[in-house]
Amino acid sequence: MLKFYSYYKQATIGPCNIPRPGFWDVVGKAKWDAWNSLGEMSEGEAMAAYVDQMKLVGFLNFYIYITEKLSGQTSCFKNCL
Numbered sequence: 001m002l003k004f005y006s007y008y009k010q011a012t013i014g015p016c017n018i019p020r021p022g023f024w025d026v027v028g029k030a031k032w033d034a035w036n037s038l039g040e041m042s043e044g045e046a047m048a049a050y051v052d053q054m055k056l057v058g059f060l061n062f063y064i065y066i067t068e069k070l071s072g073q074t075s076c077f078k079n080c081l
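Residue numbers (UniProt numbering): 1 to 81.
Derived by calculation from the structure, the hints in this document are not laboratory data.
Keep in mind that this is a model prediction, so the values were computed, not measured.
A portion of the hints provided could be inaccurate.
Across the chosen pairs, the derived CB separations fall in these ranges [unchecked claim]:
hint	residue 1	residue 2	range
1	G72	N17	51 to 59 Å
2	Y8	G72	36 to 44 Å
3	S42	G72	21 to 29 Å
4	L60	A30	40 to 48 Å
5	F23	G72	26 to 34 Å
6	G58	L2	15 to 23 Å
7	M1	G39	38 to 46 Å
8	S71	E43	14 to 22 Å
9	P19	G72	52 to 60 Å
10	N61	G28	50 to 58 Å
11	P21	K55	14 to 22 Å
12	G22	L56	32 to 40 Å
Lysine-lysine pairs mimicking DSS-like chemistry, simulated, CA-CA at most 27 Å apart [unchecked claim]:
hint	residue 1	residue 2
13	K3	K31
14	K31	K55
15	K3	K29
16	K3	K55
17	K69	K55
Ideal Cβ positions, reconstructed from N, Cα and C, are used throughout, including at glycine.
Take these sequences, add in the hints, and give me the full structure.
This is the structure in structure tokens:
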């Protein structure tokens, strides 16, 4: 999920331009680290990467669905998503 967050921020705002959150803000630091890791990636590249990740998630869900239909079993992984 942090990938989606970082690509969204990069596409809508651009490179990370805020200071890193403080020690106790664990979630904020994780988000900041993900966004900052993209460096100077362009907004267009970030949009394309976001869409590519969405396609990957969609493909994975489709694969699980087809596998379940063919085998007649439900996947433990599906329940974890």
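Hints, one by one, checked against the model:
no., hint, result
1, G72 - N17: 51 to 59 Å, "holds (52 Å)"
2, Y8 - G72: 36 to 44 Å, "holds (38 Å)"
3, S42 - G72: 21 to 29 Å, "violated (46 Å)"
4, L60 - A30: 40 to 48 Å, "violated (23 Å)"
5, F23 - G72: 26 to 34 Å, "violated (51 Å)"
6, G58 - L2: 15 to 23 Å, "holds (19 Å)"
7, M1 - G39: 38 to 46 Å, "violated (20 Å)"
8, S71 - E43: 14 to 22 Å, "violated (42 Å)"
9, P19 - G72: 52 to 60 Å, "holds (54 Å)"
10, N61 - G28: 50 to 58 Å, "violated (30 Å)"
11, P21 - K55: 14 to 22 Å, "violated (31 Å)"
12, G22 - L56: 32 to 40 Å, "holds (33 Å)"
13, K3 - K31, "holds (9 Å)"
14, K31 - K55, "holds (22 Å)"
15, K3 - K29, "holds (14 Å)"
16, K3 - K55, "holds (13 Å)"
17, K69 - K55, "holds (21 Å)"
Checked against the numbered hints given earlier, this structure breaks hints 3, 4, 5, 7, 8, 10 and 11; the rest are met.
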